[in-house]
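Trainee: Sequence:
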Amino acid sequence: MYREPGKSRFQLDLRRHLRSQNICNNLVHLICEIAEASKYVIHAVRTGDLGVAGTSNLYGEEQLALDVLSDRILRKRLTHSGVVCNIASEEMDEIYQAQSDGPDLYSVAYDPLDGSSLVDVNLSIGTIVSIYKGCNLFQEGRNQVAALYILYGPRVSLVYSVGNGVHEFTMNSLNEYTLSRENVTMAPCGDIYAPGGLRNKYTPGTEKFVTYLEEKGSKLRYSGGFVPDINQVLMKGKGIFFYPALKGSPKGKLRLLYELNPMAFLIEQAGGAASNGTIPILDVKPESLDHREPIYIGCAEDVQKAVEFQAACGQEC
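With the first letter of the sequence shown counted as 1, position 220 gets the number 220 in the numbering used here; the numbers rise by one all the way through.
FYI, nobody ran anything at the bench for these hints, they're computed from the structure.
Keep in mind that this is a model prediction, so the values were computed, not measured.
The reader is advised that the hints may include incorrect statements.
30 Å max Cα-Cα, derived DSS-like pairs, lysine-lysine [what the hints assert, rightly or not]:
no., residue 1, residue 2
1, Lys251, Lys238
2, Lys253, Lys201
3, Lys305, Lys201
4, Lys208, Lys305
5, Lys285, Lys251
6, Lys285, Lys253
7, Lys238, Lys208
8, Lys133, Lys208
9, Lys201, Lys247
10, Lys133, Lys219
11, Lys201, Lys238
12, Lys285, Lys219
13, Lys285, Lys201
14, Lys236, Lys253
15, Lys219, Lys236
16, Lys305, Lys219
17, Lys253, Lys39
18, Lys251, Lys133
19, Lys201, Lys133
20, Lys208, Lys285
21, Lys219, Lys251
22, Lys238, Lys219
23, Lys39, Lys76
24, Lys253, Lys238
25, Lys216, Lys238
26, Lys305, Lys216
27, Lys216, Lys285
28, Lys219, Lys208
29, Lys133, Lys285
30, Lys219, Lys253
31, Lys216, Lys76
32, Lys238, Lys305
33, Lys208, Lys236
34, Lys216, Lys201
35, Lys201, Lys219
36, Lys216, Lys133
37, Lys253, Lys76
38, Lys285, Lys305
39, Lys236, Lys201
40, Lys133, Lys253
Start from the sequences and build out the full structure, keeping to the hints where you can.
Mentor: In structure tokens, the structure reads:
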């Protein structure tokens, strides 16, 4: 990858790095617009209203004021980028058309502030973004042209992939994203696990998988936020996150369009895997904006072990 004379890789900014990835200018522009929007989101998180907005989203969940504000910031930036046709947000009831279909336009699905209920206790949260070429959002996740998340923690970091590895950028004192890790990779298996959902509602296959993890000495590390938990697994390069099918909730909790597809894309690009317990998440075609799937995501061998326990239990339990 080209670097200007005298520039270390830790000084490379996001735009320059994107231009080295052999992607079109519109996609570079789009990702940079999302990065710019995140600066306003983190300002809102640090200084904004922590109360409820008095409204509910598509899923009947009470919206916090920060959810609504973060959604407005991102949607406005995407709409005025000039390169986006359709926008789907976890906080909107329907797809928003920014402009009519045209050449070299993109569709974006995002969760503007994942884990927003953790803000009032000062835990890490994030933004998750999925990008497709054209105006069809109801495609398998494998068709994504880019995916990224932004973690608002002790440091603000942006992790992205355009199908050529996974790269981490950290916001510096000038509010610029500069390269901190290039080509992040995951080990075949790990020794940490982040389990979502109530354990007394786990199916027998998942219960046996957890017992397997405990017996091999894996440490439980769960924050309650999808972005920080995935970031931990990805940046440590080991471990697994799962939010499985539960008794009474066979589809789990997490949404395919806004959460699972972008994270699965990133994890696979780093050499990991993501499955709903039967097939890879990236091979599941969304049926609706609210489509949910169980998820096992992380080191490839750990995910495969989870799939094997589900299959065995389906035959024997």
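Trainee: Confirm or reject each hint.
Mentor: Against the structure, the hints come out as follows:
With a C-alpha separation of about 26 Å, the suggested pairing of Lys251 with Lys238 holds against the 30 Å cut-off. A threshold of 30 Å between alpha carbons decides the hint, and for Lys253 with Lys201 the separation of about 13 Å falls inside it, so the pair holds. For the hint linking Lys305 to Lys201, the alpha-carbon distance of about 20 Å falls within 30 Å, and the restraint holds. Under the criterion of a C-alpha separation no larger than 30 Å, the hint pairing Lys208 with Lys305 is consistent with the structure, at around 10 Å.
A hinted pair counts as satisfied when its Cα atoms are at most 30 Å apart, and Lys285 with Lys251 qualifies at roughly 14 Å. For the suggested pair Lys285 and Lys253, the alpha carbons sit about 17 Å apart, so the restraint of at most 30 Å is met. Our distance criterion of 30 Å between C-alpha atoms is met by Lys238 and Lys208, whose separation comes to about 20 Å. Between Lys133 and Lys208 the alpha-carbon distance is near 40 Å, which puts this suggested pair outside the 30 Å criterion.
Between Lys201 and Lys247 the alpha-carbon distance is near 5 Å, which keeps this suggested pair within the 30 Å criterion. Using a Cα cut-off of 30 Å, the hinted pair Lys133 and Lys219 is violated, with the two alpha carbons roughly 39 Å apart. Restraint check: the Cα-Cα separation between Lys201 and Lys238 comes to about 26 Å, which is no more than 30 Å; the hinted pair holds. With a C-alpha separation of about 33 Å, the suggested pair Lys285 and Lys219 falls outside the 30 Å cut-off, and the hint is violated.
Taking the CA atoms of Lys285 and Lys201, the gap is about 26 Å. The hint holds against a cut of 30 Å. Between Lys236 and Lys253 the CA atoms are separated by roughly 25 Å; this keeps the pair inside 30 Å, and the hint holds. With a CA separation close to 13 Å, the supplied pair Lys219 and Lys236 stays within the 30 Å bound. A distance of roughly 17 Å separates the Cα atoms of Lys305 and Lys219; the hinted pair therefore holds under the 30 Å criterion.
Of the supplied pair hints, the one linking Lys253 and Lys39 holds, its CA atoms being roughly 28 Å apart against a limit of 30 Å. Between Lys251 and Lys133 the alpha-carbon distance is near 28 Å, which keeps this suggested pair within the 30 Å criterion. Distance hint between Lys201 and Lys133 is unfulfilled; the C-alpha atoms sit about 39 Å from each other, more than 30 Å. Between Lys208 and Lys285 the alpha-carbon distance is near 28 Å, which keeps this suggested pair within the 30 Å criterion.
Between Lys219 and Lys251 the alpha-carbon distance is near 26 Å, which keeps this suggested pair within the 30 Å criterion. Simply put, Lys238 and Lys219 have alpha-carbon atoms about 11 Å apart, close enough for the 30 Å limit, and the pair holds. Pair hint Lys39 plus Lys76 holds up; C-alpha atoms about 14 Å apart against a cutoff of 30 Å. Straight-line distance between C-alpha atoms of Lys253 and Lys238 comes to about 23 Å, which keeps the hinted pair within the 30 Å bound.
Restraint check for Lys216 and Lys238: the C-alpha separation of about 14 Å stays at or below 30 Å, so the hint holds. Using a Cα cut-off of 30 Å, the hinted pair Lys305 and Lys216 holds, with the two alpha carbons roughly 12 Å apart. Note on Lys216 and Lys285: the hinted pairing is violated, with a Cα-Cα distance of about 34 Å set against a maximum of 30 Å. For the suggested pair Lys219 and Lys208, the alpha carbons sit about 16 Å apart, so the restraint of at most 30 Å is met.
About 16 Å separates the Cα atoms of Lys133 and Lys285, which keeps this hinted pair within 30 Å; it holds. Taking the CA atoms of Lys219 and Lys253, the gap is near 23 Å; set against the 30 Å cutoff, the hint holds. Restraint check for Lys216 and Lys76: the C-alpha separation of about 48 Å exceeds 30 Å, so the hint is violated. Simply put, Lys238 and Lys305 have alpha-carbon atoms about 14 Å apart, close enough for the 30 Å limit, and the pair holds.
Taking the CA atoms of Lys208 and Lys236, the gap is about 25 Å. The hint holds against a cut of 30 Å. For a cut-off of 30 Å, the pair hint linking Lys216 to Lys201 stands: about 23 Å separates their Cα positions. A hinted pair counts as satisfied when its Cα atoms are at most 30 Å apart, and Lys201 with Lys219 qualifies at roughly 21 Å. For the hint pairing Lys216 with Lys133, the CA-to-CA distance comes to about 42 Å; that exceeds 30 Å, so the pair is violated.
Between the alpha carbons of Lys253 and Lys76 the distance comes to roughly 28 Å, so the proposed pair stays at or under 30 Å and holds. Proximity of Lys285 to Lys305 is assessed by CA-CA distance (about 24 Å); at most 30 Å being required, the pair is judged to hold. A distance of roughly 29 Å separates the Cα atoms of Lys236 and Lys201; the hinted pair therefore holds under the 30 Å criterion. Pair hint Lys133 plus Lys253 holds up; C-alpha atoms about 27 Å apart against a cutoff of 30 Å.
Hint compliance for this structure: hints 8, 10, 12, 19, 27, 31, 36 are broken, all remaining hints hold.
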